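**Q** Single-letter residue listing:
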Amino acid sequence: MNFLALAAEILRKDLRIEARSREGVNTLLFFSALLVFLFRFALGPTEAQVRQGAPGLLWFAFILTGLWGMARAFQIERENDCLEALRLVPGDLGGLYLGKVVGGCCMMVATELAIVVMFGLFFHLDLWPAGVRLVPVLILGTVGFVAIGTLFAAITAHLKAREVLLPLLLLPLVIPVLLPASRLTELALAGESLGAEPHWLRLLLVFDLVFLVLGYLTFPFVMED
Amino acid sequence: MDRLGVTLGLGAGALVVAGLWMGLVQAPPDAVQGEVQRIMYLHVPSILTAYLAFTVVLVCSIGYLVRGTRGWDRLAHASAEVGVVFTAITLFTGAIWGKPTWGVWWTWDARLTGTAVLFLVYLGYLMLRSVVEDQDRAGRYAAVVGILGFFDMIFTHMAVEWFRTLHQSSSLQRGTIDTALKLPLYVNLLAFVVLYAYFLARRLRLAALDEAVEARDLGE
Amino acid sequence: MGPWGYIGLAYGLAAITLVGYGWSLGMRIRKRRARLDREAAGRVEVVK
Chain D
1 MNFLALAAEI LRKDLRIEAR SREGVNTLLF FSALLVFLFR FALGPTEAQV
51 RQGAPGLLWF AFILTGLWGM ARAFQIEREN DCLEALRLVP GDLGGLYLGK
101 VVGGCCMMVA TELAIVVMFG LFFHLDLWPA GVRLVPVLIL GTVGFVAIGT
151 LFAAITAHLK AREVLLPLLL LPLVIPVLLP ASRLTELALA GESLGAEPHW
201 LRLLLVFDLV FLVLGYLTFP FVMED
Chain A
1001 MDRLGVTLGL GAGALVVAGL WMGLVQAPPD AVQGEVQRIM YLHVPSILTA
1051 YLAFTVVLVC SIGYLVRGTR GWDRLAHASA EVGVVFTAIT LFTGAIWGKP
1101 TWGVWWTWDA RLTGTAVLFL VYLGYLMLRS VVEDQDRAGR YAAVVGILGF
1151 FDMIFTHMAV EWFRTLHQSS SLQRGTIDTA LKLPLYVNLL AFVVLYAYFL
1201 ARRLRLAALD EAVEARDLGE
Chain Z
2001 MGPWGYIGLA YGLAAITLVG YGWSLGMRIR KRRARLDREA AGRVEVVK
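Each protein sequence line maps, in turn, to chains D, A and Z.
Sequential numbering of the first sequence, starting at 1, is according to our numbering.
Sequential numbering of the second sequence, starting at 1001, is according to our numbering.
Sequential numbering of the third sequence, starting at 2001, is according to our numbering.
One chain only, chain D, in its complex shape:
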């Protein structure tokens, strides 16, 4: 089975599981709503304060939900010993990685959009002009996070200390995602063109490419028994 076919199968399977149980979606939506409330109380009474702190805090929120999502990506496999079965699939295991990455990105971006929309609603922001610019930032940032997150989730899935180790390993590595993404989000929300600081876009793009490739190359070694 070539790796694209495997990726597609995994993606299809994961989306089907999600559609049936809705567990992931429900939890993430609930969590997003909670975060909006936390923003309000964390950032202070005036809307100006909220707007100033928003970009960084939004990405902090995205990362928080992302950590949970990443851990879950392999926990669902563990539950029925599916992980063992997956290891035995013939062909390029990189496809499994790719499928999980795409699935993870879909979930995360959907959640991020929900958070942003709720944010706009509750803090009276006009999101339409910002929206078009915001989406590519969300995607680029998320891809970087998920590329590494999926890999580390696979590594820590078996470990007793996984709840501590996944954030511990992942968070320092995603700083080169957090910085550009929050800065670009700031630009987007302010209605400015992302091209004003193109180096951030380039950094994110290259980062995503490099870590997708590294993830694809090293994933089979993680899955080895």
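Read the hints as simulated data drawn from the structure, not as lab findings.
Since the structure is predicted, the reported quantities are computational estimates derived from the model, not experimental observations.
Incorrect hints may appear among the rest.
Computed cross-link-like contacts, SDA-like style, restricted to lysine to any residue with a CA-CA straight-line distance of at most 25 angstroms [stated by the list, open to error]:
hint	chain 1	residue 1	chain 2	residue 2
1	A	1182	Z	2012
2	D	160	A	1134
3	Z	2031	A	1210
4	A	1182	Z	2013
Following the hints, put chains A and Z in place on chain D, whose structure we already have.
**A** Leaving out everything else, chains A and Z in the frame of chain D:
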């Protein structure tokens, strides 16, 4: 101790003494910063040696994944551990140098921040290894972290550098090094590299002994 | 604290770190060696 260890140890000792003398006595004080600048002879060699250590981790991590022989993994682990030690030294010497120079113990200076992140990444490497019981698995998982961590370090330094220069108007210039200070710096750098090699040799010996003990235990 | 105070602090802490690390390596090596020697002499029962 074996011959290599002794040679490296003596060599390191001699170079350290030479470096200390050159850095603390012979070298002139800096025109702007005065005597405190001498901490540079600790701080800069330390981080450069750490970079060397983590490059070795990268190469050995790739080697272990591709080849699978224990030697690669042993070297990767040892180099990571020594690298973390030198990174720690970089961090606190940086802070101590910062206090009289900038007035504060810590600034979110691009280099210091990048080094702090580096410390966290490879500390994570060591923690991961200590938690995974099977040695082969531990080596493989750590190798992945070792490889990703290295490339990530490059991106982190870039990102933090840009982040600082955009948000800060003050200039934190390291400037170019005066020739009179170059030789002491090189000697201290060499001292640190040989020290690294010495610790590496010792740590490798420890790893070999660990494996022998493990083999005995399994054989029982 | 004068400049030499900071220098002393930096160099002192670095020295402690390096010597400490070297010493901890030595200790760990010695312990493993002792254990291997004892097991070779057959006097240690390994409890797993």
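**Q** Now, for every hint given, state plainly whether the structure supports it.
**A** Here is how each hint holds up against the structure:
The straight-line distance between the Cα atoms of residue 1182(A) and residue 2012(Z) is roughly 23 angstroms, inside the 25 angstroms bound, and the hint therefore holds. Among the hinted pairs, residue 160(D) with residue 1134(A) is consistent with the structure: their alpha-carbon atoms are about 14 angstroms apart, no more than 25 angstroms. Taking the CA atoms of residue 2031(Z) and residue 1210(A), the gap is near 10 angstroms; set against the 25 angstroms cutoff, the hint holds. Restraint check: the Cα-Cα separation between residue 1182(A) and residue 2013(Z) comes to about 24 angstroms, which is no more than 25 angstroms; the hinted pair holds.
In terms of the numbered hints stated before, the structure departs from none.
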